[in-house]
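Top line first, the protein sequences correspond to chains A and B. Read in our numbering, the first sequence has 260 at position 93, and its numbers run on one by one without any break. Read in our numbering, the second sequence has 205 at position 204, and its numbers run on one by one without any break.
Please note that the accuracy of each hint is not assured.
BS3-like cross-link-like pairs, simulated, lysine-lysine; straight-line CA separation at most 27 Å [said to hold, decoys possible]:
no. : chain 1 : residue 1 : chain 2 : residue 2
1   : B       : K308      : A       : K377
2   : A       : K446      : A       : K417
3   : A       : K324      : A       : K253
4   : A       : K446      : A       : K512
5   : A       : K493      : A       : K308
6   : A       : K353      : A       : K271
7   : A       : K271      : A       : K308
8   : A       : K512      : B       : K308
9   : B       : K92       : A       : K457
10  : B       : K308      : A       : K417
11  : A       : K519      : B       : K308
12  : A       : K385      : A       : K353
13  : A       : K446      : A       : K377
14  : A       : K446      : A       : K389
15  : A       : K271      : A       : K253
Derived, one-sided and incomplete: chain B residues facing chain A with beta-carbon distance under 7 Å [claimed, not checked]:
no. : residue
16  : N44
17  : Q153
18  : S158
19  : S159
20  : S160
21  : E163
22  : T205
23  : S278
24  : G298
25  : P301
26  : I303
Just so you know, the hints here were simulated from the structure itself, not pulled from any lab data. Glycine is no exception: its CB is placed at the ideal position from the N, C-alpha and C atoms.
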Amino acid sequence: MKSVKKWGVSLALVALMVVVSACGGNNKGSNSSSSPAESSKAPAAAAESASPSESAPAATDKKVVLGFAQVGAESGWRTANTNSIKESAGEAGFDLKFSDAQQKQENQIKAIRSYIQQKVDVIAFSPVVESGWDTVLKEAKDAGIPVILTDRSVDSKDTSYYKTFIGSDFVEEGRKAGQWVLDQYKDTQEVVNIVELQGTTGSAPANDRKAGFQEMIKSNDKLKVIASQTGDFTRAKGKEVMQAFLKAHKDIDVLYAHNDDMALGAIQAIEAAGLVPGKDIIIISVDAVKDGMTAASEGKINFIVECNPLLGPQLMQAVNDVLANKEIPQRIVTEESTFTSEQAKEALPTRKY
Amino acid sequence: MNRIMKHHLFWPLAMLGALLLFNLIHSPDFFSIRMQGGHLYGNLIDILNFGAPLILVAVGMTLVIATKGIDLSVGSIVAIAGAMSCMTISKGENQNSLSLVLMAIGLALGLSLVLGLWNGLLVTGAGIQPIIATLILMVAGRGIAQLITDGQIITLSSSRYEYIGTGSLATLPFSIFIVAAVFAIASLLTRKSALGLFIESVGTNPQASRLAGIRSNIVIVAVYMFCGLCAGIAGLLLSSNVSSADGNNAGLWYELDAILAVVIGGTSLNGGRFYLSGTLVGALMIQTLSTTIYSVGIAPEITLVVKAFVVLAVCLIQSESFRKAIVRRWKTRHYPGEKEATRHA
Numbered sequence: 168m169k170s171v172k173k174w175g176v177s178l179a180l181v182a183l184m185v186v187v188s189a190c191g192g193n194n195k196g197s198n199s200s201s202s203p204a205e206s207s208k209a210p211a212a213a214a215e216s217a218s219p220s221e222s223a224p225a226a227t228d229k230k231v232v233l234g235f236a237q238v239g240a241e242s243g244w245r246t247a248n249t250n251s252i253k254e255s256a257g258e259a260g261f262d263l264k265f266s267d268a269q270q271k272q273e274n275q276i277k278a279i280r281s282y283i284q285q286k287v288d289v290i291a292f293s294p295v296v297e298s299g300w301d302t303v304l305k306e307a308k309d310a311g312i313p314v315i316l317t318d319r320s321v322d323s324k325d326t327s328y329y330k331t332f333i334g335s336d337f338v339e340e341g342r343k344a345g346q347w348v349l350d351q352y353k354d355t356q357e358v359v360n361i362v363e364l365q366g367t368t369g370s371a372p373a374n375d376r377k378a379g380f381q382e383m384i385k386s387n388d389k390l391k392v393i394a395s396q397t398g399d400f401t402r403a404k405g406k407e408v409m410q411a412f413l414k415a416h417k418d419i420d421v422l423y424a425h426n427d428d429m430a431l432g433a434i435q436a437i438e439a440a441g442l443v444p445g446k447d448i449i450i451i452s453v454d455a456v457k458d459g460m461t462a463a464s465e466g467k468i469n470f471i472v473e474c475n476p477l478l479g480p481q482l483m484q485a486v487n488d489v490l491a492n493k494e495i496p497q498r499i500v501t502e503e504s505t506f507t508s509e510q511a512k513e514a515l516p517t518r519k520y
Numbered sequence: 002m003n004r005i006m007k008h009h010l011f012w013p014l015a016m017l018g019a020l021l022l023f024n025l026i027h028s029p030d031f032f033s034i035r036m037q038g039g040h041l042y043g044n045l046i047d048i049l050n051f052g053a054p055l056i057l058v059a060v061g062m063t064l065v066i067a068t069k070g071i072d073l074s075v076g077s078i079v080a081i082a083g084a085m086s087c088m089t090i091s092k093g094e095n096q097n098s099l100s101l102v103l104m105a106i107g108l109a110l111g112l113s114l115v116l117g118l119w120n121g122l123l124v125t126g127a128g129i130q131p132i133i134a135t136l137i138l139m140v141a142g143r144g145i146a147q148l149i150t151d152g153q154i155i156t157l158s159s160s161r162y163e164y165i166g167t168g169s170l171a172t173l174p175f176s177i178f179i180v181a182a183v184f185a186i187a188s189l190l191t192r193k194s195a196l197g198l199f200i201e202s203v204g205t206n207p208q209a210s211r212l213a214g215i216r217s218n219i220v221i222v223a224v225y226m227f228c229g230l231c232a233g234i235a236g237l238l239l240s241s242n243v244s245s246a247d248g249n250n251a252g253l254w255y256e257l258d259a260i261l262a263v264v265i266g267g268t269s270l271n272g273g274r275f276y277l278s279g280t281l282v283g284a285l286m287i288q289t290l291s292t293t294i295y296s297v298g299i300a301p302e303i304t305l306v307v308k309a310f311v312v313l314a315v316c317l318i319q320s321e322s323f324r325k326a327i328v329r330r331w332k333t334r335h336y337p338g339e340k341e342a343t344r345h346a
């Protein structure tokens, strides 16, 4: 037993030393403001995602420097988003300083502050959460650095803090889904029973996709949403909730899922019930990530509304416009399309995500 | 009657029964079970199938809590085990080969044992309080899971691996048999051997148990390792159920559900006493509650409030002092009119 104890103590000591030394390194980076790049690099390195593109400082004198603070790498969608920005920055000939916030607001604020100190030309970021950005955005404004928001918005009252917001219109996505249902069932005499798998309760995409869908289908009183429950944007929850729906409601005609992952979970539940997804129950989903598109090409999802992560080119365009002092709209909506099963089959080989 | 009511399983079972009764009244065909493609299909089967991972995690948690400890890292271990096995399979050439699937399962379970060992060593060797020691892995574990999956959701197409979570044996979901086996092993080891007594005595007083000749530290480490293993198996079930690994969301808040299941089952957080059968009933109750909420159609905005009220009611009814207080109130109730009448009589 003594040996066990000794082992445990030495193990814990080793662990402690590793932690302490790691902390020391980090502190050095963030305390000494002379090397701000290091602190912004730390989260990126920890996530093992790509570190900021390091080019020789001499070359950056002429190049436009863009500082981008990404949310993290939580999904395939986000990775496609990151890659798009990196690629198009390279094509546009910008010097991109990239940081990964690992879903933490404080990391993102730290990264933005370091960009301000480095005096980059433009700062762009996808805010982790909506609120709490006023202070850091004011710092950027005072330093005269224009800010562009991508993908997600902030709730700052003062819209002069940022030049524009480039991102998807979630309400429009809901409307597109609703429109398709409306078209499919425009001549129906029977009541069409719809079940809805919502995203995380309270999140902007969940609220907006629900609202847009409702707005469209309310013009036809044969279309009824008989059950609506959150599936937290995950496969496991989507499957569990759909299983319960299938038992509680005998006659489900249409499933509307707020993202592909929940639809994929629900498909498994529908198959387990001995029904054919896409035929016995018509399935509509939002996102168009690879797995979802694959299911669509197999006919298991009938209609997918795209939520486009490839907003890099539009961002670079906006950066150029801002630096050229051109007027740009406060809101730029990303170009998005929709896919039926047949279109998904055609598009699948060339999809980037 | 009094003896039945004194039994530690009476209140948990009564609550589970009440919940099922509510479902029966709300929709009479809640209990209907039919054959569907060679296996049984119905709400009750779903509750058992989806409840299986929670039961596993809660069984491990029961033993940890019996030693006066707590393991907050189980949710993260669930994610890590799922990520590890899915990653191994997705790297292989033929996802369906038996040896690959077995290797993936072995690796995932081995890793969860190591993580349990880590927790145990922090608690015994380093003398850190269990809630803090396991909090480390709870926070770091999600990072590890994301590191394994590279932050992506890994999708598999391996029917052999899927069998763990969705396959059926003798018309029942295979997961039920896994749970039954783990539960039987845990019950036999703790109730038919001295191990259960060791755990209880360590939970009551580790110092005294050591002086009495029980190797407290080894018992504690073993219990944490068992808990890690249970969480690992649960991770396999969850990830194979949807054929994918999601480092961010798999097993999120499982530790809280598991602790709740243990508490509903009548095990005290003070350690020294545990009821595995109570935990089983508690976990089933939590899953029944989720299924009920979905089938009754409660709006997602208020789902958590409803859950909280049910849990509050369950905990209050379980509390002996609360019950006594209610009974005393009832017995010594005063009606002004009655008083008046007796005074003038």
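Exercise for the section: Sort out whether K353 of chain A lies within 27 Å of K385 of chain A, counting only the CA atoms. Expected result: holds (12 Å)
Practice task
Quickly compare the C-alpha distance for K446 of chain A and K417 of chain A to 27 Å and report which way the hint goes.
Solution key: Cα-Cα ~16 Å, so holds.
Handout entry: I303 of chain B as chain A interface residue, shortest Cβ-Cβ below 7 Å
Key = Nearest chain A Cβ about 10 Å off; hint violated.
Practice task
Decide if the proposed pair is consistent with the structure: K446 of chain A and K377 of chain A, CA atoms, cutoff 27 Å inclusive.
Solution key: Since the Cα atoms of K446 of chain A and K377 of chain A sit roughly 23 Å apart, the hinted pair holds (cutoff 27 Å).
Exercise for the section: Take the C-alpha atoms of K446 of chain A and K389 of chain A, compute the straight-line distance between them, and say whether it is at most 27 Å. Expected result: holds (20 Å)
Handout entry: Satisfaction of the T205 of chain B interface hint, Cβ to chain A closer than 7 Å
Key = violated (19 Å)
Practice task
Could you grab the alpha-carbon distance between K324 of chain A and K253 of chain A and see if it respects the 27 Å cut-off?
Solution key: violated (31 Å)
Handout entry: K271 of chain A paired with K253 of chain A [C-alpha distance capped at 27 Å]
Key = holds (21 Å)
Handout entry: Status of the N44 of chain B interface restraint (C-beta, 7 Å, chain A)
Key = Nearest chain A Cβ about 5 Å off; hint holds.
Problem - Hint check, G298 of chain B versus chain A [nearest Cβ-Cβ separation less than 7 Å] - result: holds (5 Å)
Handout entry: Hinted pair K446 of chain A and K512 of chain A, Cα distance within 27 Å
Key = holds (17 Å)
Exercise for the section: Mind checking the alpha carbons of K308 of chain B and K377 of chain A for me, to see if they're no more than 27 Å apart? Expected result: holds (24 Å)
Of the hints listed earlier, those the structure fails to meet are numbers 3, 6, 8, 11, 18, 19, 20, 21, 22, 23 and 26, in rising order.
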